[in-house]
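Novice: The primary structure of each chain is shown beneath.
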Amino acid sequence: MRDPGFMVQDQAQEMAPDTRARDVEVQLTRAGLGLARRLGDGAGGLLFDRLLRILEARHPRAFTALGELPDARLLIDPVDAPAALLLRVGPTLALRVCDRTAEAEATVRGPCARLLDLLEGRIDGDALFFRRELSIEGDTALILALRNTLDGEEMDLFGDVAAAAGPLRHALPVARRNAGRALDLLAAARRFAPPPVRWGMAVLERRLIGPRQGA
Amino acid sequence: MGSFELICPAGNPAALRAAVDAGADAVYLGFRDETNARNFPGLNFSRPELAEAIAYAHARSVQVFVAINTYPQAGNLAPWQRAVDDAARLKADAVILADLGLLAYAAEHHPDLRLHLSVQASAANAEAIRLYRDAFGVRRVVLPRVLTVPEIARLNAEVDVETEVFVFGGLCPMAEGRCSLSSYATGLSPNKQGVCSPASHVRYEPRGDALASRLGGFTINVFGAGEPAGYPTLCKGRFVPGGGTSADPAYLFEEPTSLNALALLPELKAAKVCALKIEGRQRGKAYIAAVVGAYRRALDAFERGLPVPALDLEAMVEGGAQTTGAYTRAWR
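Chains A and B, in that order, give the protein sequences.
So for the first sequence, my numbering puts the first residue at 392; every next one is plus one.
So for the second sequence, my numbering puts the first residue at 5; every next one is plus one.
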């Protein structure tokens with residue numbers, strides 16, 4: 392898998408559908424974070440527990456390694472999303488949505504799309520750091536251990552979740568292939584919709600995803 | 005002389021698969037302990053992982069070299085000797101060693117195991133290389149990154165041992181005791197514990213739009229807003245000479261720049277270099293796939309006499325800058 396930041400032009404053309412699918416996945420991730428923040432630690436916590444169990448079943452080696460780390464909290468901050476994530480590693484592994492000022496032993500900050508790329512090994516973390524797209528603070532060893540552990544996996548966040556959801560696993564490749572067309576249709580619907588519907592869609596989007604940083 | 009061998013790094017099993025699939029001729033890796041020079045958290049191979057890695061690589065006609073290239077400490081030889089024994093038992097194609105005692109151990113206990121001399125040994129002249137060959141049967145020497153191409157050509161004319169040179173990635177010259185800078189700042193040694201600038205001693209601090217990197221309590225660089233960042237290594241730190249305060253901080257040893265010797269393929273071929281090595285066992289599998297794939301395409305074109313395609317790897321490299329390093333200028 393090549394780093395999307397380094398594609399030559401013809402490769403960029405070939406990768407266009409994949410990039411559009413990633414756009415949808417980023418929006419879904421941001422919406423998921425916004426939703427989890429609204430649900431709070433109760434229902435939101437149950438969702439993240441379920442997500443961790445799904446990923447653990449598919450990547451046992453990585454989860455064993457994360458469980459062997461010293462007990463510590465790692466703040467993962469997608470700077471263009473409505474909330475951050477607090478990952479607790481060590482014997483009591485847990486994942487929760489949190490405020491981006493939450494206390495942690497280490498922090499990783501970057502755009503949501505780049506963090507997803509990093510999670511799935513689509514991009515090299517050092518290259519992101521060199522380009523200042525990724526910033527880290529606190530316990531560097533903890534961040535490095537997490538990065539190296541995840542990079543050792545063939546992780547596909549949406550594929551893993553879809554596989555656990557049974558019939559969805561057949562739908563995901565189709566959805567990814569058609570992501571570009573779906574986005575175009577949505578954009579067209581938004582353009583041609585009467586103003587009240589457009590405003591309603593915008594409000595719904597803001598409620599789901601939250602305000603974008605810098606927007 | 006045949007084609008160049010392309011020797012590629014792997015920090016974990018996924019990176020090994022990426023390197024093999026992208027066109028490596030051989031992959032080098034290390035065990036998950038202090039016996040190799042990239043002993044970082046979450047990196048390297050357990051014994052079962054090495055067995056799987058060798059099976060995967062051999063099924064695709066790719067060799068696996070095991071780097072056991074730190075220096076054993078007095079009274080604690082067992083981890084290093086066990087690493088050599090396990091590499092031999094698991095059918096690694098070669099071990100990459102630096103320590104004289106360990107070379108002697110490997111030669112005595114595993115006479116069929118192919119021995120490569122690590123860059124860590126800093127063998128940079130014909131007499132040293134002949135000694136390693138005669139005493140231990142070393143078959144290949146990884147040359148330190150301090151020689152010009154004409155010096156490599158003269159060296160190869162004088163010895164009948166294969167030579168391997170780094171062509172891409174970090175410019176870590178072990179020469180002149182630079183690794184000791186990291187030992188001084190952190191109390192942990194790159195050459196004994198395998199940790200240059202150990203992550204446990206590294207801190208990054210935002211200072212407005214700038215980014216400060218600290219190692220063992222020393223601020224070693226401050227990158228301005230938008231300036232490409234580098235690794236937190238002292239030999240690429242920025243300092244004010246003489247402890248003054250008026251001068252601008254400057255890179256006194258090396259700049260955060262990466263080696264890329266792609267333009268020198270004809271000269272390296274004429275110098276009778278056998279193998280080209282890509283650095284970066286600490287890098288992610290995306291780096292491995294991109295760099296190995298690019299070099300594979302370049303080498304294939306070169307071997308066929310076709311124009312070598314330009315590589316757009318600038319954003320992958322430290323500091324966003326590339327150099328041909330010592331290959332085209334005398335070592336300072």
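There could be a bad hint or two in this list.
[To be verified] Just so you have them, the derived chain A footprint on chain B, three or more residues with Cβ under 8 Å:
#1 8–17
#2 109–120
#3 160–171
#4 222–234
#5 281–289
#6 322–332
Please keep in mind that the hints were generated in silico from the structure rather than gathered at the bench.
Every residue gets a Cβ at the ideal spot worked out from N, C-alpha and C, and that includes glycine.
Novice: Please write out, lowest number first, the hints stated earlier that are contradicted by the structure.
Specialist: Failing hints, ascending: 2, 3.
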